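Let chain A serve as the given structure and place chain B on it in line with the hints.
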Amino acid sequence: MTNDRRANASRNISFLIVAVVLGALISLQWNSPLPSVPASHERATELTIQRLEAEQEELKATIAQLRSQLDAYQQQSTARTKMLEEIKAQLAGQKLRAGLLPVQGPGVRVVLDDGAQRMMPSGPGDYLVHEYDIRDVVNLLWMAGSEAIAINQERVVASTSIYCVGSTVMVNDTRLSPPYVIQAIGLPDAQSEVLRNPSYLRDLKDRAARYGVQFNVTKAWNLKLPAYAGSFIIRYARPGR
Amino acid sequence: MKSRTAQIMLAAFCFALGLLLVVQYRTQQVARTRLEGMSSADQATIISNLVAANAQLREEIASLEAQVQGLTATGRTSLEELVDELNRMKIINGLVEVSGPGVEVSIDGNISALDLQDMINELRNAGAEALAINGQRVVVSSVVANDDQGKLTVNGVPLEQPFVLQAIGDSKTMQTALLRAGGLIAVFEHSYTGLTVTVQQRSKLVLPIYNQPLAFKYATALEQ
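From first to last, the protein sequence lines stand for chains A and B. Just so you know, we're using this note's numbering here: the first sequence kicks off at 26 and counts up by one. Just so you know, we're using this note's numbering here: the second sequence kicks off at 865 and counts up by one.
Please keep in mind that the hints were generated in silico from the structure rather than gathered at the bench. Fair warning: this is a prediction, and the values are worked out from it, not measured in the lab. Please note: incorrect hints may appear among the correct ones.
Residues on chain B that point at chain A, a partial pick, calculated with CB under 7 angstroms [claimed, not checked]:
| id | residue |
| --- | --- |
| 1 | 879 |
| 2 | 924 |
| 3 | 951 |
| 4 | 955 |
| 5 | 956 |
| 6 | 957 |
| 7 | 1004 |
| 8 | 1007 |
| 9 | 1009 |
| 10 | 1011 |
| 11 | 1032 |
Distance ranges between label pairs, derived from CB positions [to be verified]:
| id | chain 1 | residue 1 | chain 2 | residue 2 | range |
| --- | --- | --- | --- | --- | --- |
| 12 | B | 1047 | A | 99 | 57 to 67 angstroms |
| 13 | A | 266 | B | 944 | 19 to 29 angstroms |
| 14 | B | 1066 | A | 246 | 44 to 54 angstroms |
| 15 | A | 111 | B | 1065 | 38 to 48 angstroms |
| 16 | B | 979 | A | 195 | 15 to 25 angstroms |
| 17 | B | 1013 | A | 215 | 21 to 31 angstroms |
| 18 | A | 141 | B | 1064 | 27 to 37 angstroms |
Positions of the beta carbon are idealized from the N, C-alpha and C atoms, including for glycine.
Isolated chain A, as found in the complex (with noise of 0.2 angstroms):
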């Protein structure tokens, strides 16, 4: 029987260890830190924390993909930056020819008066200042390679028209009285040289020489002039064909 004495006393062994393990447990379990709140209100604290904290994560998200995007877009916009400057500095260029911008430089200025009456013209304008003479003198101020010119206060810009209405002369459809003062920017002996050339304003000298028209070219060396401040209006033509 010594072997059913033996099976017996290991038997005995095998209980005692998970008696031991069992007791030990129980006491662990009751030991454990169990929430001194009721379990539902314990319940619903986490689920705060823990959508707070999904949201914190999507939020993370949402900036790190913003971040990415902003730097995408100011590197593009470095280069845009660089356009931006070389537009601004090509439209200045084009405003300066334009007329948009006052300039200064050497030039000649013309000073064109009426004449006195009591001169007996031969006919009732002899004595006067027409708007085609300042056209001309316009015109052969351009031809000497004049750069930019004003006619008293006003600039000669693509859209001026110099005409007449009764006997006002009008530039930029704006009434100018005499004497017409015309300043024009460009290499002073050019320009001279070209205005007393006697094959071109022969009706304007032979009307100064006779019936006093002023008619009188000086030439300067810082002339200023204003700015076009009138509009370009576009209306029908577009860039390209």
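Relative to the frame of chain A, chain B by itself:
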């Protein structure tokens, strides 16, 4: 029989042991995620911190979104505005090919440089936005002149008859201005013999680029 009872008891013990192990394990897990031993005051602090942090994150997002918008929207419009302005200036200065409706004035016969220049002045007065004569773009400084052979020139380039002026603008206004009684064409017909001038409205004209743009040598921009 005795050994059978013992087996059942052992099985019951093992079941209880397994159950307790699982319960104990889960208790430990829950305690860990709940930040063991946290008081409700601590939990409130955690929540209010999270709420504040998330509010700041939202502010950051708003600011980033504003920056992105600023870079895209305003950047684009200011660039577009500048390009539009540059194009307008180039049209005015003749530095770009242009197209549009307008009139075509054909002058067949001998005419003086001054009278041809007056025709340009008249078209400008009637609102011409862009002009050309025989393929030469007329800009502010373009002048009709005579060359050594007595030929008419524009921009220094000799012109052949007929002289064809093309003007982009309101075609009706320009045609009316030229054809009115006492207008320039009437004056020409009175002062010239054998000169034919015709005006036609065109729905589309294409004017070439001005090809002699010289940089200014004398005029400089004044500080405003």
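Tested hints:
1. Given the 7 angstroms rule on beta carbons, the hint for residue 879/B is violated: about 11 angstroms separates it from the nearest Cβ of chain A.
2. Taking 7 angstroms as the C-beta contact cut-off toward chain A, the hint placing residue 924/B at the interface holds, the least distance being around 6 angstroms.
3. The beta carbon of residue 951/B is positioned within 7 angstroms of a beta carbon in chain A (closest approach about 5 angstroms), and the interface hint is therefore held.
4. With its C-beta approaching chain A no nearer than about 5 angstroms, residue 955/B sits inside the 7 angstroms limit, and its interface hint holds.
5. Interface hint status for residue 956/B: upheld, as the beta-carbon distance to the closest one in chain A is roughly 5 angstroms, under 7 angstroms.
6. Hint status for residue 957/B: holds, given a least beta-carbon distance of 5 angstroms to chain A, under 7 angstroms.
7. The restraint placing residue 1004/B at the interface with chain A holds, with a minimum CB-CB distance near 4 angstroms, inside the 7 angstroms limit.
8. With a least beta-carbon distance of about 5 angstroms to chain A, the hint placing residue 1007/B at the interface is held under the 7 angstroms criterion.
9. Annotation: residue 1009/B was flagged as interfacial toward chain A, and the flag holds, the nearest CB pair being 6 angstroms apart, inside 7 angstroms.
10. Because the beta carbon of residue 1011/B sits about 12 angstroms from the nearest beta carbon in chain A, more than 7 angstroms, this interface hint is broken.
11. Among the interface hints, the one on residue 1032/B holds; its C-beta lies about 5 angstroms from the nearest C-beta in chain A, closer than the 7 angstroms criterion.
12. Against the hinted window of 57 to 67 angstroms, the Cβ-Cβ separation of residue 1047/B and residue 99/A comes to about 60 angstroms, which satisfies the hint.
13. With their beta carbons about 22 angstroms apart, residue 266/A and residue 944/B fall inside the hinted range of 19 to 29 angstroms.
14. Separation of residue 1066/B from residue 246/A is about 47 angstroms and conforms to the stated range, judged on CB atoms against 44 to 54 angstroms.
15. The hinted range of 38 to 48 angstroms is satisfied by residue 111/A and residue 1065/B, whose Cβ atoms lie roughly 39 angstroms apart.
16. Here the CB-CB span from residue 979/B to residue 195/A is close to 20 angstroms, well matched to the stated 15 to 25 angstroms.
17. Take residue 1013/B and residue 215/A: their Cβ atoms lie about 23 angstroms apart, and the range 21 to 31 angstroms holds.
18. In this structure the supplied range 27 to 37 angstroms is violated for residue 141/A paired with residue 1064/B, their Cβ-Cβ distance being about 48 angstroms.
In the structure shown, a violation is registered for the earlier hints numbered 1, 10, 18, in ascending order.
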